[in-house]
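S.K.: One letter stands for each residue in the lines below.
Protein chains: 2
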Amino acid sequence: MESEKRSAPKELSERKKQILKAIIEAHIELGEPVGSKYLTSNKHIACSSATIRNEMAELESMGYLEQPHTSAGRVPSEAGYRLYIDSLIDSYRLTEREIEELRTNLRKKQAELDGILDTAIRLASSMTDYTALAAKPRKVRVTVSHFDIIRTDERSMILVMLIGGIVKTRQIRSRVPIAEEASSKLETLLNRKLSGLTAAEITMPLMMEMERDMGAEDYLVEPVVKGICETISAFDGGELRFDGIDRLLSYPEVYGGERLRDMLTLFERKQDLLDVFSETEMQTGDDGAVKIYIGRENLVKTMDNSTLVYKPIKRGDLLVGAIGVIGPTRMNYSRVIAMIDHLSRGVSNLIEDGDERSD
Amino acid sequence: MESEKRSAPKELSERKKQILKAIIEAHIELGEPVGSKYLTSNKHIACSSATIRNEMAELESMGYLEQPHTSAGRVPSEAGYRLYIDSLIDSYRLTEREIEELRTNLRKKQAELDGILDTAIRLASSMTDYTALAAKPRKVRVTVSHFDIIRTDERSMILVMLIGGIVKTRQIRSRVPIAEEASSKLETLLNRKLSGLTAAEITMPLMMEMERDMGAEDYLVEPVVKGICETISAFDGGELRFDGIDRLLSYPEVYGGERLRDMLTLFERKQDLLDVFSETEMQTGDDGAVKIYIGRENLVKTMDNSTLVYKPIKRGDLLVGAIGVIGPTRMNYSRVIAMIDHLSRGVSNLIEDGDERSD
DNA sequence: AGTTAGCACTCAGACATTTCAAGTGCTAAA
DNA sequence: TTTAGCACTTGAAATGTCTGAGTGCTAACT
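These protein sequence lines are chains D and B, in that order.
The opening residue of the first sequence carries number 1 in this note's numbering; numbering runs sequentially from there.
The opening residue of the second sequence carries number 1 in this note's numbering; numbering runs sequentially from there.
Hints listed in this document are in silico derivations from the structure and should not be mistaken for laboratory results.
Bear in mind the structure is a predicted one, so any value in this text is a computation, not a measurement.
Where hints are given, some of them may not hold.
One side only, chain D facing chain B, incomplete, derived with CB under 8 angstroms [stated by the list, open to error]:
1) 112
2) 160
3) 162
4) 167
5) 244
6) 249
7) 268
8) 271
9) 275
10) 278
Ideal placement from N, C-alpha and C gives every residue a C-beta, glycine not left out.
Based on the sequences and whatever the hints tell you, model everything.
M.R.: Structure, rendered in structure tokens:
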């Protein structure tokens with residue numbers, strides 16, 4: 001009997017590894033528990049079903065396999081998947097076609113970060129067949145580094161703000177005409193007084209001071225500064241986009257009934273998922289590798305039977321977001337990993353240098 | 001027998017109307033077919049269940065009611081709902097609380113149109129308990145009305161474009177430093193040559209002409225113009241946002257199993273829904289009333305058993321989008337209509353005058 | 001020792017059958 | 001014209017049966 005004896009990964013014989021790998025890959029392919037007989041006939045393993053049964057029993061007691069019920073085949077456990085990903089998996093080479101498809105599509109709508117991310121998740125979802133998601137992390141200290149004012153006509157102007165490399169704009173209208181000089185005066189004033197300040201650091205005395213400086217056009221200050229504060233506050237960054245939610249339905253064994261509901265709610269609430277991205281990644285100055293969270297490893301209980309594969313997106317050394325894929329634990333890991341890796345890299349390059357560049 | 005005798009709405013007796021109304025409201029409330037007995041005991045109708053049965057049989061032959069199967073209660077048909085909405089419904093007064101909640105929440109994140117729409121759908125969804133959606137219509141002729149260039153540092157600038165009242169920006173980097181004069185020269189050149197042109201109207205000869213005009217810095221022209229074209233093309237407008245997809249699951253009778261899949265696919269594909277918004281509304285210079293599409297009335301077959309309630313959003317006379325709610329045909333119409341009406345109005349006001357204003 | 005063949009056992013899922021309750025249509029009485 | 005009563009219909013739920021896939025174990029085999 002021996003009861004349970006976990007955490008002895010070194011002692012896996014070569015044949016056990018081979019069997020485990022075969023089981024996992026068969027299960028990823030079929031989505032059903034896989035039995036000993038299937039293995040002998042479809043995967044080339046040089047022993048009989050009985051032997052495999054023995055090995056499977058051992059693998060189960062080691063915690064790498066599970067049995068849904070007594071007379072069913074085996075299913076990989078989370079530990080099994082983890083082992084598989086860490087040491088058994090064959091790395092997937094994207095084909096020329098795939099790379100080309102990624103590249104051309106990614107270029108299509110590269111106007112702004114949002115646009116890029118949107119196309120990226122669309123791509124990720126359509127090419128992996130899982131639900132894709134992208135996050136912009138919550139920023140710690142949000143400040144405007146540069147202000148600019150554009151007069152569009154007599155009584156309206158556009159305030160352009162550069163926040164951490166992202167451009168935000170805001171319309172300003174006035175009931176009375178605004179003089180050319182007034183707007184440029186306001187612009188320099190904003191740059192001098194407000195650049196580098198967080199919303200919390202913009203105080204009433206500061207605003208009153210600015211009103212004094214503006215002289216005749218002091219009435220402009222209040223609405224503009226208010227607007228700036230709002231924009232800064234609104235720019236918490238924390239945003240999450242999805243594509244291909246309907247693909248969850250391709251895996252009814254996992255996302256049938258209640259589960260689906262949980263998942264949709266998770267997507268809608270966004271907060272939990274944002275936390276995963278933010279807490280795990282953004283703070284630790286980790287290297288930018290592809291991260292994989294399997295089932296319980298996720299902090300969010302809803303994702304017990306799901307896997308999250310994602311990779312951060314950087315602009316220089318700055319972390320601006322992350323892109324990934326979420327799906328059932330039985331996921332085509334090698335392909336997804338390669339895909340996300342490539343995509344994230346592509347997006348990073350795109351925002352790195354806005355102008356043309358080939359790879 | 002008399003067989004079927006439709007389209008005789010005038011001949012509805014007062015009692016029939018009362019019964020139909022009661023049935024519809026009961027069905028909206030309970031979600032199940034409603035029987036004669038239920039009506040006599042729970043709604044105050046001054047006759048017995050047998051009488052009601054007779055009336056129901058007639059209403060059914062007129063096409064206002066349907067019977068899922070022989071021994072079930074009655075369910076309103078689409079024609080029934082239509083009649084109800086057009087002439088039977090009591091209009092819903094939003095409570096002070098509700099109005100206040102809408103107002104304060106709507107103000108929160110009003111930095112840009114996108115932001116406003118996002119909060120608006122979030123609000124719509126949470127306050128109606130249905131899935132909310134907002135669309136930005138496909139623009140017919142997309143042109144840039146004003147260009148502006150901001151130098152952020154020596155070798156990078158931001159190109160600001162005003163497209164139909166919406167601001168779009170784009171980063172431009174250069175490997176060699178750009179002189180102050182060069183950027184302002186480029187700016188005036190862009191405004192003179194490209195404002196008012198669609199992407200298709202920007203031709204090669206035109207670009208070459210601009211390169212001549214730019215003189216020494218002609219290398220800037222190509223990437224910038226290319227970027228402008230991309231931005232214009234990308235700005236087809238057509239965009240669709242959702243909130244509260246998970247609320248579909250509150251109506252499992254309608255969105256159970258296959259149906260849910262269809263619905264999610266519909267949401268993901270976006271195109272069909274965008275068409276509904278665009279074709280129906282954007283072209284006909286219709287008045288800005290709340291529109292209601294019930295079941296088959298929708299062009300999209302997936303929405304057979306759903307209702308779409310929406311209202312356009314205007315900026316002045318310009319149509320900039322629409323906001324609405326989608327849900328099961330058995331929807332709390334009066335409340336939803338009032339809500340969407342108010343919300344759309346609120347959003348319109350917000351973008352009308354960017355600065356402060358109370359209602 | 002490790003491997004294989006054979007056999008009894010288990011159990012979820014599919015299918016058939018029964019039961020139940022809700023709601024109707026119709027008829028006859030008020 | 002309305003109402004009470006009753007026979008009838010029918011989907012949904014409950015129950016029972018059957019089957020096949022897959023296991024664990026034992027005994028023979030290399």
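S.K.: So, against the hints stated earlier in the document, which numbers end up violated here?
M.R.: 8, 9 and 10
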